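K.L.:
Sequence:
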Amino acid sequence: MAVDAKLIKELRDTTQAGMMDCKKALEATNGNIDEAIVWLRENGLAKAAKKSDRVAAEGVTFAKDNNDYAVILEVNSETDFVAKNNDFLVLIEEIADALLNANVKTLEEAHDVHTNKGISIKDALIHATATIGEKIELRRFELVKKSANTTTTFYNHANKRVSVMLQFEGVMDKSDAYNVAMHVAAMAPKYKSVNEIPSEFSEAEFHIIKENAKDDEKLQGKPANVLEGILKGKLSKRLAEVNLLDQGFVVDEKFKVGEFLKSKNVSLKEMIRFEVGEGIEKIVADFAAEVAAQVAGN
39 MAVDAKLIKE LRDTTQAGMM DCKKALEATN GNIDEAIVWL RENGLAKAAK
89 KSDRVAAEGV TFAKDNNDYA VILEVNSETD FVAKNNDFLV LIEEIADALL
139 NANVKTLEEA HDVHTNKGIS IKDALIHATA TIGEKIELRR FELVKKSANT
189 TTTFYNHANK RVSVMLQFEG VMDKSDAYNV AMHVAAMAPK YKSVNEIPSE
239 FSEAEFHIIK ENAKDDEKLQ GKPANVLEGI LKGKLSKRLA EVNLLDQGFV
289 VDEKFKVGEF LKSKNVSLKE MIRFEVGEGI EKIVADFAAE VAAQVAGN
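Letter 30 of the sequence shown, counting from 1, is numbered 68 in our numbering, and no numbers are missing.
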């Protein structure tokens, strides 16, 4: 089938695989992006991480609290240089303080909230854009309400690109809660627990594991029941890598995170992790034309 150049670009931005490999993957899967990603992984062609120049937005993440709420947010700029500008960092704090004092849930509502300077967040962003010379925007935020018998903590990484907000059921020592938040920042779990992992994710991972096993000489000739057990073990290991409670606790390696929380008589209620630019792709002006030209020539 003929593959649209835009689909090839989207797949390449997502996986960082080669352009022609992306074309082959889409042809093999009738243009289905999700299936094409799996196809690339099965064939060892998808890279694990995006290149930094594929990220559309720079900026910072930031978390803060007061007596009633905790907030975590991401504000984007066009360059990393601006993200280190002191005026920009002051603006981040002003926005955080404004949100902490306003019970809002959407970006539209947040833009109407006034800062301590008496102007709306929307106008503050417009003013920053005009002053700094780059587009400045509030991309996302979440407010967490504190309540009795809960522990809320946050962590801001020194590079200002990763922030974490956690809330636990039960009273937890502040340093212990902070250490768990620091673990989340470092290990980037996708899910709180194995029970939250979607079946689609598990099925896709198991499919990939089975496909990769076909080329593993150590597994050749294994009885079917033995092979099945090995593959399920690999799946369990993979699922443990992506959910917080089953990850080994980096601060105290004798515990899994879930075991550590149990030893402290608390349970995880809320986990929010923001990383600058995740999910945003930089648009390269001539990339679509380049893809179209190369596809046309093959």
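Heads up, some of the hints might be wrong.
[Claimed, not checked] Each computed DSSO-like pair below joins lysine-lysine, with the alpha-carbon atoms no more than 27 angstroms apart: (1) Lys212 - Lys184; (2) Lys260 - Lys272; (3) Lys228 - Lys212; (4) Lys292 - Lys270; (5) Lys230 - Lys292; (6) Lys300 - Lys230; (7) Lys248 - Lys272; (8) Lys212 - Lys294; (9) Lys155 - Lys228; (10) Lys300 - Lys260; (11) Lys248 - Lys62; (12) Lys248 - Lys102; (13) Lys173 - Lys183; (14) Lys302 - Lys230; (15) Lys62 - Lys122; (16) Lys272 - Lys228; (17) Lys155 - Lys143; (18) Lys62 - Lys102; (19) Lys102 - Lys228; (20) Lys260 - Lys275; (21) Lys173 - Lys155; (22) Lys184 - Lys102; (23) Lys228 - Lys248; (24) Lys173 - Lys102.
[Said to hold, decoys possible] FRET-style restraints, in silico, Cβ to Cβ: (25) Thr169 - Gly286: 45 to 55 angstroms; (26) Glu291 - Lys212: 14 to 24 angstroms; (27) Asn81 - Ala262: 40 to 50 angstroms; (28) Asn81 - Lys155: 46 to 56 angstroms; (29) Glu65 - Ser213: 47 to 57 angstroms.
No wet-lab data here; the hints were simulated from the structure.
Nothing here was measured: the structure is a model prediction, and the numbers come from that model.
Heads up, the beta-carbon is just placed ideally off N, CA and C, and yes, glycines get one too.
K.L.:
Against this structure, judge whether each hint is valid.
P.N.:
Taking the hints in turn, this is what the structure says about them:
Only pairs whose Cα atoms come within 27 angstroms are accepted, and Lys212 paired with Lys184 is accepted, the gap being roughly 14 angstroms. The hinted pair formed by Lys260 and Lys272 meets the criterion: a straight-line CA distance of about 15 angstroms does not exceed 27 angstroms. Proximity of Lys228 to Lys212 is assessed by CA-CA distance (about 24 angstroms); at most 27 angstroms being required, the pair is judged to hold. Distance restraint check for Lys292 and Lys270: the Cα-Cα separation of roughly 24 angstroms lies within the 27 angstroms cut-off, and the hinted pair is therefore satisfied.
Taking the CA atoms of Lys230 and Lys292, the gap is near 20 angstroms; set against the 27 angstroms cutoff, the hint holds. This hinted pair checks out: Lys300 and Lys230 have alpha carbons roughly 14 angstroms apart, not beyond 27 angstroms. Taken as a hint, the Lys248 and Lys272 pair is honoured in the structure, with Cα atoms around 10 angstroms apart against an allowance of 27 angstroms. Among the hinted pairs, Lys212 with Lys294 is consistent with the structure: their alpha-carbon atoms are about 19 angstroms apart, no more than 27 angstroms.
Between Lys155 and Lys228 the CA atoms are separated by roughly 37 angstroms; this puts the pair beyond 27 angstroms, and the hint is violated. The suggested pairing of Lys300 with Lys260 is violated, with an alpha-carbon distance near 39 angstroms, which exceeds 27 angstroms. A C-alpha spacing of about 21 angstroms is found between Lys248 and Lys62, which places the hinted pair at or below 27 angstroms, so the restraint holds. Proposed proximity of Lys248 and Lys102 is contradicted: the alpha carbons are some 44 angstroms apart, above 27 angstroms.
For the suggested pair Lys173 and Lys183, the alpha carbons sit about 31 angstroms apart, so the restraint of at most 27 angstroms is broken. The hinted pair formed by Lys302 and Lys230 meets the criterion: a straight-line CA distance of about 17 angstroms does not exceed 27 angstroms. Restraint check for Lys62 and Lys122: not satisfied, since their Cα atoms lie roughly 41 angstroms apart, outside the 27 angstroms limit. Between Lys272 and Lys228, the direct Cα distance comes to roughly 18 angstroms. Compliance with the 27 angstroms bound is thereby established for this hinted pair.
Of the supplied pair hints, the one linking Lys155 and Lys143 holds, its CA atoms being roughly 22 angstroms apart against a limit of 27 angstroms. This hinted pair does not check out: Lys62 and Lys102 have alpha carbons roughly 47 angstroms apart, beyond 27 angstroms. A threshold of 27 angstroms between alpha carbons decides the hint, and for Lys102 with Lys228 the separation of about 22 angstroms falls inside it, so the pair holds. The suggested pairing of Lys260 with Lys275 holds, with an alpha-carbon distance near 20 angstroms, which does not exceed 27 angstroms.
Proximity of Lys173 to Lys155 is assessed by CA-CA distance (about 21 angstroms); at most 27 angstroms being required, the pair is judged to hold. For the proposed pair Lys184 and Lys102, the alpha carbon gap of about 12 angstroms is at most 27 angstroms, so the pair holds. With a CA separation close to 22 angstroms, the supplied pair Lys228 and Lys248 stays within the 27 angstroms bound. Proposed proximity of Lys173 and Lys102 is supported: the alpha carbons are some 24 angstroms apart, at most 27 angstroms.
Restraint check, Thr169 to Gly286: a C-beta distance of roughly 46 angstroms satisfies the suggested window 45 to 55 angstroms. The beta-carbon spacing between Glu291 and Lys212, approximately 22 angstroms, falls within the hinted interval of 14 to 24 angstroms. A beta carbon spacing of about 25 angstroms between Asn81 and Ala262 contradicts the range 40 to 50 angstroms that was offered as a hint. At roughly 55 angstroms, the beta-carbon separation of Asn81 and Lys155 lies within the given 46 to 56 angstroms, and the hint holds.
A beta carbon spacing of about 54 angstroms between Glu65 and Ser213 agrees with the range 47 to 57 angstroms that was offered as a hint.
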